[in-house]
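Student: Each chain, letter by letter, is given below.
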Amino acid sequence: MKLALALVALCVALFALSLVTGHAGAPALRSLAALVADDGTPLSIVMREIRLPRALLAAMVGASLGLSGAALQGYLRNPLAEPGLIGVSGAAALGAVLAIQSGLALQFSLALPLAALGMAVLAVLLILALAGPRGGSITLILAGIAISALAGALTSLVLNLSPNPFAAADIVFWTMGSLADRSFTHLWLALPFMAAGWAMLAGLGRGLDMLTLGEDAAQAMGTDLVRLRLLLILGTAASVGAATAVAGAIGFVGLVVPHLLRPLVGARPSALLWASALGGAAMVLAADIAVRVLLPERDLKLGVLMALVGAPLFLHLIYRTRREMP
Amino acid sequence: MSLLSLDRLTVRRGGRAAVDGVSLTVNPGECIGLIGPNGAGKTTLMRAALGLLPATGHSSLAAMPRAARARTAAWMPQSRDIAWPVTVETVVALGRLPQMPRHGRLRPADRAAVEAALARMELTGLRDRIATRLSGGEQARVLIARALAQDTPLLMADEPIAGLDPAHQIATMQVFAGLAREGRAVIVSLHDLGLAARHCSRLLLMQDGRLVADAPPDRVLAPANVEKVFGITAFYGSTPQGPVFQPIEVVR
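Listed in order, the protein sequences are those of chains Z and Y.
When we follow my numbering, the leftmost residue of the first sequence carries the number 1, and every step to the right adds one.
When we follow my numbering, the leftmost residue of the second sequence carries the number 327, and every step to the right adds one.
Source of the hints: derived by calculation from the structure; they are not laboratory data.
A quick note: this is a predicted structure, and the numbers were derived from the prediction, not measured.
Careful, some of the hints might be misleading.
Computed footprint of chain Z on chain Y, listed as stretches where at least three residues anywhere in the stretch have a Cβ under 8 Å from a Cβ of chain Z [unchecked claim]:
| # | segment |
| --- | --- |
| 1 | 367-378 |
| 2 | 386-398 |
| 3 | 403-412 |
| 4 | 421-428 |
Beta carbons: idealized from backbone N, C-alpha and C, even for Gly.
Please take these sequences and the hints and turn them into a complete structure.
Tutor: Encoded structure:
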């Protein structure tokens with residue numbers, strides 16, 4: 001309970017901080033006032049059309065990554081699982097890359113996220129066909145690796161054959177992940193998918209708790225493993241596919257956040273679900289503030305910063321885990 | 327009213343029958359030992375009876391809806407999985423999930439069942455320890471307690487006492503016999519025929535997927551059966567301290 005309050009408070013504080021961070025350089029209180037009441041100044045437009053969707057998207061993307069990371073780790077009973085594992089983010093990235101390369105992304109602004117979502121859906125269908133409705137966790141991992149590899153190879157091929165250096169540069173920057181210049185259009189596009197994904201994943205707690213004792217015991221305790229796995233794949237695909245479609249590939253959140261919070265919830269997979277959703281939101285909000293504060297003149301990419309911070313943090317966690325081993 | 331009835335239950339695996347036409351009935355008050363050499367089909371029989379494996383023939387448990395089955399039979403698999411570093415009490419409380427409403431918290435009755443299970447397996451002192459840091463034998467006792475907390479009329483356990491020290495092996499078998507005296511039924515697979523002879527009211531002897539004997543211990547452990555199925559000679563006698571079974575040597 002205390003942890004829930006602390007995480008909510010952290011999210012709210014970071015959300016407010018994210019709203020008052022940016023180029024416009026207006027005092028914090030005036031910015032917030034301009035957000036609440038439209039005073040007809042450009043500040044109101046900046047707050048409402050640029051900073052609010054950006055902060056909301058950061059929280060939504062973070063919650064999606066944290067929640068699906070916790071759910072996947074719980075299902076696979078492996079702390080190294082992360083949302084990218086089932087290949088959806090790789091496929092979404094491929095869709096975006098195709099949209100940039102083909103020039104569709106320049107025709108209308110939603111072409112990129114729509115292409116990314118379309119590819120994510122295709123990846124899910126492929127995963128379900130490959131891993132089968134009854135397959136175990138190993139077939140799911142292998143199918144995910146295969147799809148990630150294929151999507152990665154096709155992305156490289158597009159870059160390789162790209163006749164247009166500007167498009168190639170666009171692609172490279174896009175794959176680094178960012179929340180800059182996202183609008184409410186992006187938010188409304190992503191929200192239905194994310195909300196559906198959250199709803200599917202949030203209901204898995206009981207089954208994931210039972211899975212602590214292994215697949216056999218969980219089934220004998222009444223868990224429908226086929227249904228659980230289907231909801232897990234669809235929920236992860238919907239939320240992470242939408243997150244990748246609007247923000248690009250952002251790694252480490254789904255891996256590090258559940259790992260970080262696990263000791264604080266007594267390691268129960270059901271409690272880790274909501275905790276990781278809040279923790280993921282806080283982490284992406286914080287990182288998105290940092291990219292604006294650290295190098296305000298340069299466009300530091302969110303995914304780059306996340307990997308720079310996440311990788312050493314993960315190394316530290318591994319070191320700590322190793323010390324605790326007998 | 328029987329707790330489990332199997333009718334010609336058969337599991338085919340790669341062309342051979344791992345379980346071959348097993349029929350039996352389990353009634354309240356029975357403590358049943360499931361014995362047989364490695365690969366005889368003990369685990370497969372129990373998993374198929376629970377509906378965890380596709381099988382032909384009929385199992386009353388496998389025919390039940392999932393939720394009802396989880397309130398009728400508790401299952402302790404042979405692999406002792408505890409995936410996360412949770413406390414002993416948390417593991418045992420997982421056994422209450424099938425009895426609890428969705429999204430519910432532990433009610434007083436659930437807490438009482440967890441306490442009773444912890445006390446029965448002498449785990450009260452370990453309740454706040456992290457289960458994954460306990461010894462293998464202690465983890466086995468935690469998982470038995472988890473199955474006890476499920477508080478079902480039927481308990482099925484796959485080699486629950488393997489790896490326990492002698493005192494806890496005997497104590498665990500006494501817990502199972504006690505459950506049977508309360509009017510529940512227990513099916514436990516084990517390799518220690520001496521403990522099976524002393525604590526079970528009925529033994530099921532399996533060989534090559536078939537049920538070759540189903541009777542009280544003194545009849546199932548007759549020299550002919552033991553030699554034919556296990557390939558050993560053994561001493562079996564009634565003593566003032568109860569029945570004693572001691573394997574002697576391998577028959578060539």
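Student: With reference to the structure, classify each hint as holding or not holding.
Tutor: Each hint, compared with the structure:
Using a Cβ-Cβ cut-off of 8 Å, 3 residues of the segment 367-378 of chain Y lie near chain Z, which meets the minimum of three, so the contact claim holds. With 4 residues having a Cβ less than 8 Å from any Cβ of chain Z, the segment 386-398 of chain Y passes the three-residue criterion, so the hint holds. Proximity of the segment 403-412 of chain Y to chain Z, defined as three or more residues with a beta carbon under 8 Å from a beta carbon of that chain, is established by the 8 residues found. With 4 residues having a beta carbon nearer than 8 Å to a beta carbon of chain Z, the segment 421-428 of chain Y meets the requirement of three or more and the stated coverage holds.
In this structure, none of the earlier numbered hints is contradicted; all agree with it.
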